[in-house]
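Kindly generate the complete structure, drawing on both the sequences and the hints.
Protein chains: 4
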Amino acid sequence: FLEESAPKALRETVEDARKRDTLAGDFPYPRWMDKDDYKDALKPLQLELMKLQHWLTTSGARVVVVFEGRDTAGKGGAINRIADVMSHRILKVQALPKPTDREAREWYFQRYVTRLPAGGEMVLFDRSWYNRAIVEDVFGFCTPAQRAAFFDQLPAFENLLVQDGIHFIKIWLNVSRAEQLRRLLAREGDPMKHWKLSGIDVKGLGKWDSYTHAIAETFERSHTAAAPWTVIRSEDKYRARLAVLQHILGQIPYEGKSSIDPPDPAICGTPALWQPELWDDGT
Amino acid sequence: FLEESAPKALRETVEDARKRDTLAGDFPYPRWMDKDDYKDALKPLQLELMKLQHWLTTSGARVVVVFEGRDTAGKGGAINRIADVMSHRILKVQALPKPTDREAREWYFQRYVTRLPAGGEMVLFDRSWYNRAIVEDVFGFCTPAQRAAFFDQLPAFENLLVQDGIHFIKIWLNVSRAEQLRRLLAREGDPMKHWKLSGIDVKGLGKWDSYTHAIAETFERSHTAAAPWTVIRSEDKYRARLAVLQHILGQIPYEGKSSIDPPDPAICGTPALWQPELWDDGT
Amino acid sequence: FLEESAPKALRETVEDARKRDTLAGDFPYPRWMDKDDYKDALKPLQLELMKLQHWLTTSGARVVVVFEGRDTAGKGGAINRIADVMSHRILKVQALPKPTDREAREWYFQRYVTRLPAGGEMVLFDRSWYNRAIVEDVFGFCTPAQRAAFFDQLPAFENLLVQDGIHFIKIWLNVSRAEQLRRLLAREGDPMKHWKLSGIDVKGLGKWDSYTHAIAETFERSHTAAAPWTVIRSEDKYRARLAVLQHILGQIPYEGKSSIDPPDPAICGTPALWQPELWDDGT
Amino acid sequence: FLEESAPKALRETVEDARKRDTLAGDFPYPRWMDKDDYKDALKPLQLELMKLQHWLTTSGARVVVVFEGRDTAGKGGAINRIADVMSHRILKVQALPKPTDREAREWYFQRYVTRLPAGGEMVLFDRSWYNRAIVEDVFGFCTPAQRAAFFDQLPAFENLLVQDGIHFIKIWLNVSRAEQLRRLLAREGDPMKHWKLSGIDVKGLGKWDSYTHAIAETFERSHTAAAPWTVIRSEDKYRARLAVLQHILGQIPYEGKSSIDPPDPAICGTPALWQPELWDDGT
Ligand SMILES: Nc1ncnc2c1ncn2[C@@H]1O[C@H](COP(=O)(O)OP(=O)(O)O)[C@@H](O)[C@H]1O
Ligand SMILES: Nc1ncnc2c1ncn2[C@@H]1O[C@H](COP(=O)(O)OP(=O)(O)O)[C@@H](O)[C@H]1O
Ligand SMILES: Nc1ncnc2c1ncn2[C@@H]1O[C@H](COP(=O)(O)OP(=O)(O)O)[C@@H](O)[C@H]1O
Ligand SMILES: Nc1ncnc2c1ncn2[C@@H]1O[C@H](COP(=O)(O)O)[C@@H](O)[C@H]1O
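Protein chains in written order, with the numbering used here: chain A, 1 to 283; chain B, 1 to 283; chain C, 1 to 283; chain D, 1 to 283.
No wet-lab data here; the hints were simulated from the structure. Certain hints may be false.
[Stated by the list, open to error] Taking beta-carbon pairs under 10 Å as the criterion, some of the chain D residues facing chain C (in silico): (1) Trp55; (2) Gly77; (3) Arg81; (4) Arg105; (5) Phe157.
[Claimed, not checked] Okay, the calculated bits of chain A under chain B, using three or more residues with CB under 8 Å as the criterion: (6) 98-110; (7) 115-124; (8) 146-157.
[What the hints assert, rightly or not] With a straight-line cut-off of 30 Å between C-alpha atoms, the simulated DSBU-like cross-links for lysine-lysine are: (9) Lys237/D - Lys51/A; (10) Lys237/D - Lys35/D; (11) Lys43/B - Lys203/C; (12) Lys51/C - Lys39/C; (13) Lys35/B - Lys43/C; (14) Lys257/B - Lys203/B; (15) Lys51/B - Lys203/B; (16) Lys39/D - Lys43/A; (17) Lys203/A - Lys257/D; (18) Lys51/C - Lys35/B; (19) Lys207/A - Lys51/D; (20) Lys51/A - Lys35/D; (21) Lys51/D - Lys257/D; (22) Lys257/B - Lys35/B; (23) Lys39/A - Lys257/A; (24) Lys35/C - Lys39/B; (25) Lys237/A - Lys35/D; (26) Lys39/A - Lys35/D; (27) Lys51/B - Lys98/C; (28) Lys43/C - Lys43/B.
Glycine included, C-beta positions come from ideal geometry on N, C-alpha and C.
Here's what the structure looks like:
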């Protein structure tokens, strides 16, 4: 598939990546977490999710979690671990498609506001309004003026949500370039994942640096006191998923909370954890 | 009708009002505008509305006008003079009913955001989010904490709309107490208007002072540089409607604008024009 | 304007129309209704509307009225006479723009279902799902297969609404070719109406016969027992508006109904009143 | 929990169920499916789901699957196995809460129509409009007249969807009384599932027979040629989930379909498979 749609330039990038052996990189652990250890650790966290769900119902609280990250970063998988145990009547996953022609003429945040939770609900955004800052920028789907307007309005918008009492969490799942390539190549090989490869994935691959640039600016402009980013390294999916759960549970004051481990600081932290130079091309 | 539902207290208020002969009051003109003069003045303004409509379509601009005011202030009539000449496909009137149980658990502004115009549209809100500041306060439909939260969020919310390029206008149609009484009594007499009398009208009448207090606070908290209020005295409906049109047309930079008279400063101005002491009970 | 955008063919049609002096035609009255007579007749009907509105609120009934007709047939004006006296919180006018790209991929009736009234509301559709049968057909906005599917589903769809207890009324405002030309020419002349001329108006003019054909088929397929059409000749706007009100009021069993005149059978009736041969080109 | 909220009657039912040793019952297999066998069988089905997803995107087809069944029947789990592998941008899960006060005054099907898929989407309803036929009936949330109206409109409504080309599938997950009791008791014991026990679960338990009655009537009235029910026995969750996937994949003509096993006829079939007498109390 990669061969068909981007025979040269891309293939070269991939081979190049392999030659420079970027696979291991700076990841703080030498090997993936063991599956059984993961399952053991997951169980009590999912039990906490059940308590969180119960508390949502009784307290009428609202939770919004934004999941962002490059393609293959594992947004969907992390979201599914939460969706698996919670009721579809309480937890909603919102993955908006590209704006309709009408939505494109509305206030940019409008279609997201429509999907905010009512009391007693939790909404997970699989990509979010940050599309304008990143994907739309990289692919030229918005004008620079639209993006500038977005950044101007962003802090006020997010402040409103927080001020209104919504528990608001922003998670950036971070994947290294090497790992992204590995996953895309795996998709190519695995008949199952093959079908997951979308045109935008492949195109995105060739735009690593534009992404990097857009992400850096996004952190700079939107990592605010009221609505800070949490960066979670997701090269190891298991560790990342645990950290996602630990972080979310840690942020929300649900009733009956057991003491749970905080997320591993080696893979979960502020945007400082996101160090472009380490994954950068060097070019 | 008045007799049935509020036999004593209210009737007394009305009689009292009559005794003190509050009818004329401080209105700057001794008599209503002549109907023919009104029609002559209306015509060119409605022509300008047609140009405004044309410009909306070609420019993709968005306009929001909030109409607020006490019962009988003439919001509906002023809105209808605009709706009469514009296309239903471009001009939308939004008059939201009381929030559903679900909406009551959402971010307060959410259901209004859903109704904002797309490019090329104009939305007139017949009552608006200011319900929380006034009606809901007077009738106890919200808690003081909810109202405080509303005022805290309001400037940021309206700023976002303005910053996004929406032409945003807030009009307060102001009716004196005497004139309000006169209109309600007229409704009672006129079989046609009789059906317009709602329970809340009658109850509202007895709450003049609570309204006054809520309005004063609203002006204080929400008359901002980005989103200022325009107060239009509406004792004389014709003069008020002309002023509404003149004000709206004056604020919007549509193409092909003819020079039109500015609204009459004797009946259209800042909240300073709203002088509670003049209509106040004196208590 | 006509000259600019369709210099030849159209102008010829217009001149042609003038030459053949089609203006008077077969209209059953020699002259327009007198304005004062109209106003006198309108008043009691609007009073009935107030009762209807009151009844909506107390009974929780639902009313849907579909307004269809060629351009310039006077749909907007008839709607506004109702909207003028009813509350924006009870009466909603729905004038949907062309479908968004997403709506185009949905069940055709979906976006209309979304706008159906809740109990206590009345919705007037300024054009409706019948777009697919007529405008979309004439302008090629839908495929023949889509139109066939529309007609197949239509009776079942409308039956569902009626079966559910919605008071459902379909009104076809009918304008003769001569009168349509006259009105478009008037728009051209009148600076006020000039701005109302849309591209589709002018293009529509040249498609009189395609329209006629589409309309004939529409009546044939959709004039059902459960949801019959009422045709109202609208060459004379005043008479048409009165007939619209009389017809609607006659159909709805609101409380306190006074005896009102039935609509004039010379201008209001079944689709038999629509006689294409009389206005037809003859070609 | 069971003890607290329904100390006697319910406990007795449970003990009773144990005494009569209804656990095994008539289930066609003596033991649960082996977990590893399940995983092996699941994998190729999920691969097929990826192809189905790809085909949705390229063909613009629409799929609706209704999941119904008593509490603990495993609707959520079956849905999650699908959601796990599909994109949140293509697959939507709809689990509507109880109607808002406004929705309660609308056409009953209206809020479901709003959630139908656009082209390229698949919607899974976790409970659906069948609430009116079953849950609302059992708990008295609707009047008999409303339920009768529902059944009257149902075939026409579902026909419209099918006629419009939506791939429409209705699955009834069937759990025996003994197994339902076992699962509720397990929830009571398992701290994790404990939080899943809702008041309605417990109340529902005492209403087994009312449910049975409502279900029988539902099958009778809604198992139509255009929109037939598929009953899947879900005592064994693994077998049930496989059958769900096999059934859905079997019904949809996606491109590149591999030959997959049909669902096991011992646990998946028409409503004939649902035999109330076997699980019935006998009372
Ligand atoms: N033309 C466009 N304009 C704006 N956003 C777009 C456009 N095309 C795609 N997107 C957005 O880009 C994001 C990535 O798309 P895609 O890769 O298809 O989704 P996924 O995250 O499910 O893999 C989505 O959020 C989508 O809404
Ligand atoms: N591309 C399109 N596809 C389908 N419907 C369309 C399209 N363009 C316009 N329409 C419909 O045609 C009708 C007539 O449009 P227009 O003449 O602009 O409106 P009006 O009735 O307000 O004069 C509207 O209902 C509109 O939704
Ligand atoms: N008062 C009510 N009126 C109508 N439907 C209701 C009412 N209360 C609950 N329901 C419906 O009953 C169903 C079962 O509710 P519940 O057991 O809470 O959901 P779940 O299926 O997630 O366990 C839901 O579909 C819900 O919408
Ligand atoms: N219970 C309520 N809570 C909040 N707003 C209400 C309530 N009842 C009425 N309103 C609002 O008060 C305004 C006047 O209502 P009405 O007189 O019914 O038109 C409308 O904007 C309603 O939305």
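Cross-check of the supplied hints:
For Trp55/D, the shortest C-beta to C-beta distance to chain C is roughly 15 Å, which exceeds 10 Å, and the interface hint is violated. For Gly77/D, the suggested interface contact is broken, since its CB lies about 29 Å from the closest CB of chain C, more than 10 Å. With 10 Å as the threshold, the beta carbon of Arg81/D stays out of range of chain C, its nearest partner Cβ sitting at about 27 Å, so the hint is violated. At its closest, the beta carbon of Arg105/D sits 3 Å from a beta carbon of chain C; the interface hint therefore holds under the 10 Å criterion.
The restraint placing Phe157/D at the interface with chain C holds, with a minimum CB-CB distance near 6 Å, inside the 10 Å limit. Only residues whose beta carbon comes within less than 8 Å of a beta carbon in chain B count, and the stretch 98-110 of chain A has 8; three or more means the coverage holds. Coverage of the stretch 115-124 of chain A by chain B holds in this model, with 5 residues showing a Cβ closer than 8 Å to a Cβ of that chain against a need of three. Using a Cβ-Cβ cut-off of 8 Å, 5 residues of the stretch 146-157 of chain A lie near chain B, which meets the minimum of three, so the contact claim holds.
Pair hint Lys237/D plus Lys51/A holds up; C-alpha atoms about 24 Å apart against a cutoff of 30 Å. Distance hint between Lys237/D and Lys35/D is fulfilled; the C-alpha atoms sit about 10 Å from each other, no more than 30 Å. With a C-alpha separation of about 29 Å, the suggested pairing of Lys43/B with Lys203/C holds against the 30 Å cut-off. Taking the CA atoms of Lys51/C and Lys39/C, the gap is about 19 Å. The hint holds against a cut of 30 Å.
At roughly 18 Å between alpha-carbon atoms, Lys35/B and Lys43/C fall within 30 Å of each other, so this suggested pair holds. Only pairs whose Cα atoms come within 30 Å are accepted, and Lys257/B paired with Lys203/B is rejected, the gap being roughly 44 Å. Restraint check for Lys51/B and Lys203/B: the C-alpha separation of about 42 Å exceeds 30 Å, so the hint is violated. This hinted pair checks out: Lys39/D and Lys43/A have alpha carbons roughly 19 Å apart, not beyond 30 Å.
For the hint linking Lys203/A to Lys257/D, the alpha-carbon distance of about 28 Å falls within 30 Å, and the restraint holds. Between Lys51/C and Lys35/B, the direct Cα distance comes to roughly 28 Å. Compliance with the 30 Å bound is thereby established for this hinted pair. Under the criterion of a C-alpha separation no larger than 30 Å, the hint pairing Lys207/A with Lys51/D is consistent with the structure, at around 27 Å. Annotation: proposed proximity of Lys51/A to Lys35/D holds, straight-line Cα distance about 28 Å (limit 30 Å).
Proposed proximity of Lys51/D and Lys257/D is supported: the alpha carbons are some 7 Å apart, at most 30 Å. This hinted pair checks out: Lys257/B and Lys35/B have alpha carbons roughly 26 Å apart, not beyond 30 Å. Taken as a hint, the Lys39/A and Lys257/A pair is honoured in the structure, with Cα atoms around 20 Å apart against an allowance of 30 Å. Restraint check: the Cα-Cα separation between Lys35/C and Lys39/B comes to about 15 Å, which is no more than 30 Å; the hinted pair holds.
A hinted pair counts as satisfied when its Cα atoms are at most 30 Å apart, and Lys237/A with Lys35/D qualifies at roughly 23 Å. With a C-alpha separation of about 15 Å, the suggested pairing of Lys39/A with Lys35/D holds against the 30 Å cut-off. This hinted pair checks out: Lys51/B and Lys98/C have alpha carbons roughly 22 Å apart, not beyond 30 Å. Straight-line distance between C-alpha atoms of Lys43/C and Lys43/B comes to about 23 Å, which keeps the hinted pair within the 30 Å bound.
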